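> One letter stands for each residue in the lines below.
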Amino acid sequence: MAVLVTTTINGDRVEFACEPNEPLLDVLRNRLGLSGAKEGCGTGDCGACSVQVDGRVVCSCLVLGVEAEGREIETVEGLAQGTELHPLQSKFLEHAALQCGVCTPGFLMAAKALLEKNPNPTEEEIRFGLAGNLCRCTGYDKIVRAVQDAAKVMRG
Amino acid sequence: MASESTTAHPFEDAPNHVTPTVIHDPILTKTDFKRVGTRPLRPDGLDKVTGRARYGADFNLPGQLVGLVLRSPHAHAKIKKIDTSKAEKLAGVKAVVTAADMPDHTGGDQSMYDILENCMARGVAKYDGHAVAAVAAIDAATARAALKLIKIDYEVLPHVTDVDEAVKPNAPLVNPKLFTEGVEPKPKKASNIAKRTEFGHGDVDAGFKEADVIVERSFRTEQTHQGYIEPHACVASVSPDGTGELWVCTQGHFVYRNHCAMLLGMDVSKLRVTSSEIGGGFGGKTHVWAEPVALALSRKANRPVKLTMTRDEVFRASGPTSATSIDIRIGARKDGTIVAADATLRFTCGPYYGMWAELGAMTAFACYDLKNVRTVGYEVLVNRPKTAAYRAPSAPMAAFAVESVVDELAHKIGMNEVDFRIKNAAKQGTKASYGPVYGPIGIGATLEAAKKHPHMKAPLGKNQGRGMACGFWFNFGGQTCTDINIGPDGSVTLTVGTVDVGGSRASLALCVAEELGVPYESVKCLVADTGTLGHNDMTDGSRGTFSSSMAGIFAARNAVTVLRERAAKMWEISVEDVTWEDGHAKAVGSKYGNLAPLSLKEIAAAAGNTGGPIAGHSEIVADGAGVSFATHIADVEVDPETGRSKIVRYTVIQDAGKAVHPTYVEGQYQGGAAQGIGWALNEEYIYGKDGRLQNPGFLDYRIPVCSDLPMIDTQILEIPNPNHPYGVRGVGETSIVPPLAAIANAMSNAFGVRMTHVPMSPPRVLKALEAAKRA
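These protein sequence lines map, in sequence, to chains A and B. Numbering-wise (this note's numbering), the first sequence opens with residue 1 and increments by one. Numbering-wise (this note's numbering), the second sequence opens with residue 1 and increments by one.
This is chain A alone, in the form it adopts within the complex:
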């Protein structure tokens, strides 16, 4: 029996109905057309579905849609402000921190959460901060550099 849920996604009030056992990831992708979050494993091991819930980065495959009730959800689709990219997005492009790009939305959301908590992380703090997100293409080198550079821009 579907449950009606009211939540906020990327600043917009959103209502949806979902099954009680339906992951937030499926709600975002299949019911709301927000396919930026990807399913790489469905078991919380790859981080490709990372979104922020009330400022905390989570794997949306491990959160139920009904748990979104009354929360603030942020997804990769909300990262740019109009035509202006978030510094992390710009730096990922500049540093070629993506090859296939399927892990990129998750990395951006995890990196955003990391930099909100720690605006000036060391390389080691970045590496451990992003250790929940798998990338198979880049070897992480250019991702770490992009996050370092974005952190610098964001510190002003």
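Warning: the hint list may mix true and false statements.
[Said to hold, decoys possible] Lysine to any residue pairs mimicking SDA-like chemistry, simulated, CA-CA at most 25 Å apart:
hint	chain 1	residue 1	chain 2	residue 2
1	B	462	A	123
2	A	152	B	663
3	B	78	B	172
4	B	524	A	82
5	A	152	B	47
6	B	646	A	128
7	B	646	A	132
8	B	646	A	123
9	A	152	B	713
10	B	148	A	20
11	B	89	A	1
12	A	117	B	708
13	B	524	A	93
14	B	148	A	42
15	B	148	A	1
16	B	148	A	145
17	A	117	B	707
18	B	646	A	148
19	B	89	A	19
20	B	462	A	44
21	B	148	A	19
22	B	148	A	30
23	B	646	A	145
24	A	152	B	41
25	B	646	A	124
26	B	524	A	83
27	B	457	A	123
28	A	152	B	710
29	A	117	B	711
30	B	524	A	80
31	B	148	A	21
32	B	646	A	125
33	A	152	B	46
34	A	152	B	39
35	B	524	A	90
36	B	767	B	684
[Claimed, not checked] Label pairs and their calculated CB-CB ranges:
hint	chain 1	residue 1	chain 2	residue 2	range
37	A	15	B	138	18 to 26 Å
38	B	186	A	128	53 to 61 Å
39	A	123	B	140	39 to 47 Å
40	B	327	A	55	51 to 59 Å
Source of the hints: derived by calculation from the structure; they are not laboratory data. Predicted model only: the values in this text are computed from it and were never measured. Even for Gly, the Cβ is constructed at its ideal location relative to N, Cα and C.
Starting from the structure of chain A, add chain B where the hints point.
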């Protein structure tokens, strides 16, 4: 059908394809560049950082159903009966298919029949995860419920998953009708060895008699998976009129089209395949898996069907690389000359023949200039999923074994390992161990660069060791078809048929901009669907940028011919008097001094009055892919109490021929090294005694995470490939070849332990350290 477009893998006839050889007709025409070699943003980047890019699972059609596959829980079992009646009666179920719904249209082509059988078991399930039935239903919950209602009566058969067990005389037979090919006389008894292949030249036995030192060792490597983050996904739609469409994440939509059409009994022209953005492939998306099943479901339901694999299915039922068992024997004189080299390689194929040991046998000694060399490969069938290509397929395992022995041999005769390799390195004119004669190659240059690299002289910390190793990959060219269309505003559309797996649209646009003499930004590169271009081989064998840039450059030259003709028409002069320079037509000769150059934009704007649209085309077999070599340096720290290893510094030195977009070349070097590091230290398929895979998930099959790795330094060398107009070589694959041996050599240098079993996971390293302590 034996044509290349329908073979299971383009390397099936690799000896004919991999032709670095002597250069008969070099086509290298350019060495000074304005745009090639710069680092602009990629054209598809914005969509990928904003979540707009559409991957395999991000596409939907009206009326779409959810497809799910039922898979065998047994490693080997006879399927006595399948009862789908209850599933078919469940409300919301629109189609159930089994092998009975996928009749054999392969017409005696064994490799295609094997693909058909792998997509849906026909009477026997041959591995844990083998598809046995599939359903399409109105939603996932209904489809899952339907799978549970399918009743299968199995008779469990004896199984074998281990490579060394499978070659024993009394091993359970994976295919009781299999008789080893490549041996005389033809065997009378069936076995699990599908084929024996041999390469080499000289007299190996005589060579060993000249040796002062011989090192002989056996090695094993475990099965690994490409580990792309995006599971296989497709949307299939087949109409009762026999036409169909397939949206799919693939490395080669034209090959998927050809294979799917044949397996479904459709006309190739009536199946239109569109490649989605691809979330990693590394060889694993060069084979069809569930796509023919999705098409069969759609055909039966007369509705579109979306089918995505779970991660568990990706591990159990797509194509990992081979597990191997390798014996190496190399002899050298005290002066450091290798006098003989011999290798025997046994590679698992899964239940179907593949040329995996053959590729190992071809690549094993490719780095060296050897008078006497022999390599023998055995393709071994086991009850594991069908082996698929994984980045420089088979080369990393062979290099692990060979480069470990090369290091040991160098040390035994008291030579530095880099100098020993330099002394024996292959060079232009060397007859490669797999047959051809090399043109200009980079192995010597990468070794010299390694010797001079600051990394080699940097101090090491406690419990740290440094190792190095070399790697080789053939690279591949293949069938390629490319169009250039010039818009009325002078902007350029470059249409290619090779899937962009990691930034090739940027590189291809750079090459065409260079050739036309226009800004990079004015060239838009698109990957076309199969209805738009002629056949293109897959993006594999490091061919994407090599072959499509070659075809793109030729298409641009074709367009320039048209542009010159149009300029001549506008000026009313002879086309012979018109040249093309820097994006402009120029009239040659003093009598035309008053004619100002015409820009591409001006000529394009006038096209309607000078003969219509302006385009260029190229259809080629891109022969002459330049072989690729790399040398890697690894610093490894081992915790002697736990056996856990950590890479503390890593350097990749590789020949790119010409780095079109150096940032993405670096990315290929770094990514390959990272995959090699994961293979070396952690990744392995673990099978239980029941023949079932015990770790089909990213938690237990652990690929490197960000905190496992250091920065990966790169050095790009450019030894132009004379068989490409700009000197380009493929760069994607070689970087995964050296890490296994480089890391093993580092451990040996640090602790005096010779690791012969990959992955060098903490328990194996600890065991080796403890054994060394006791000795």
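> State for each hint whether it applies.
Structure-based check of each hint:
no.: 1; hint: 462(B) <-> 123(A); in the structure: 22 Å, holds
no.: 2; hint: 152(A) <-> 663(B); in the structure: 21 Å, holds
no.: 3; hint: 78(B) <-> 172(B); in the structure: 14 Å, holds
no.: 4; hint: 524(B) <-> 82(A); in the structure: 24 Å, holds
no.: 5; hint: 152(A) <-> 47(B); in the structure: 24 Å, holds
no.: 6; hint: 646(B) <-> 128(A); in the structure: 14 Å, holds
no.: 7; hint: 646(B) <-> 132(A); in the structure: 18 Å, holds
no.: 8; hint: 646(B) <-> 123(A); in the structure: 16 Å, holds
no.: 9; hint: 152(A) <-> 713(B); in the structure: 22 Å, holds
no.: 10; hint: 148(B) <-> 20(A); in the structure: 21 Å, holds
no.: 11; hint: 89(B) <-> 1(A); in the structure: 22 Å, holds
no.: 12; hint: 117(A) <-> 708(B); in the structure: 22 Å, holds
no.: 13; hint: 524(B) <-> 93(A); in the structure: 17 Å, holds
no.: 14; hint: 148(B) <-> 42(A); in the structure: 20 Å, holds
no.: 15; hint: 148(B) <-> 1(A); in the structure: 21 Å, holds
no.: 16; hint: 148(B) <-> 145(A); in the structure: 48 Å, violated
no.: 17; hint: 117(A) <-> 707(B); in the structure: 18 Å, holds
no.: 18; hint: 646(B) <-> 148(A); in the structure: 22 Å, holds
no.: 19; hint: 89(B) <-> 19(A); in the structure: 24 Å, holds
no.: 20; hint: 462(B) <-> 44(A); in the structure: 36 Å, violated
no.: 21; hint: 148(B) <-> 19(A); in the structure: 20 Å, holds
no.: 22; hint: 148(B) <-> 30(A); in the structure: 24 Å, holds
no.: 23; hint: 646(B) <-> 145(A); in the structure: 20 Å, holds
no.: 24; hint: 152(A) <-> 41(B); in the structure: 20 Å, holds
no.: 25; hint: 646(B) <-> 124(A); in the structure: 14 Å, holds
no.: 26; hint: 524(B) <-> 83(A); in the structure: 21 Å, holds
no.: 27; hint: 457(B) <-> 123(A); in the structure: 24 Å, holds
no.: 28; hint: 152(A) <-> 710(B); in the structure: 21 Å, holds
no.: 29; hint: 117(A) <-> 711(B); in the structure: 24 Å, holds
no.: 30; hint: 524(B) <-> 80(A); in the structure: 24 Å, holds
no.: 31; hint: 148(B) <-> 21(A); in the structure: 19 Å, holds
no.: 32; hint: 646(B) <-> 125(A); in the structure: 17 Å, holds
no.: 33; hint: 152(A) <-> 46(B); in the structure: 21 Å, holds
no.: 34; hint: 152(A) <-> 39(B); in the structure: 22 Å, holds
no.: 35; hint: 524(B) <-> 90(A); in the structure: 20 Å, holds
no.: 36; hint: 767(B) <-> 684(B); in the structure: 18 Å, holds
no.: 37; hint: 15(A) <-> 138(B): 18 to 26 Å; in the structure: 23 Å, holds
no.: 38; hint: 186(B) <-> 128(A): 53 to 61 Å; in the structure: 59 Å, holds
no.: 39; hint: 123(A) <-> 140(B): 39 to 47 Å; in the structure: 41 Å, holds
no.: 40; hint: 327(B) <-> 55(A): 51 to 59 Å; in the structure: 58 Å, holds
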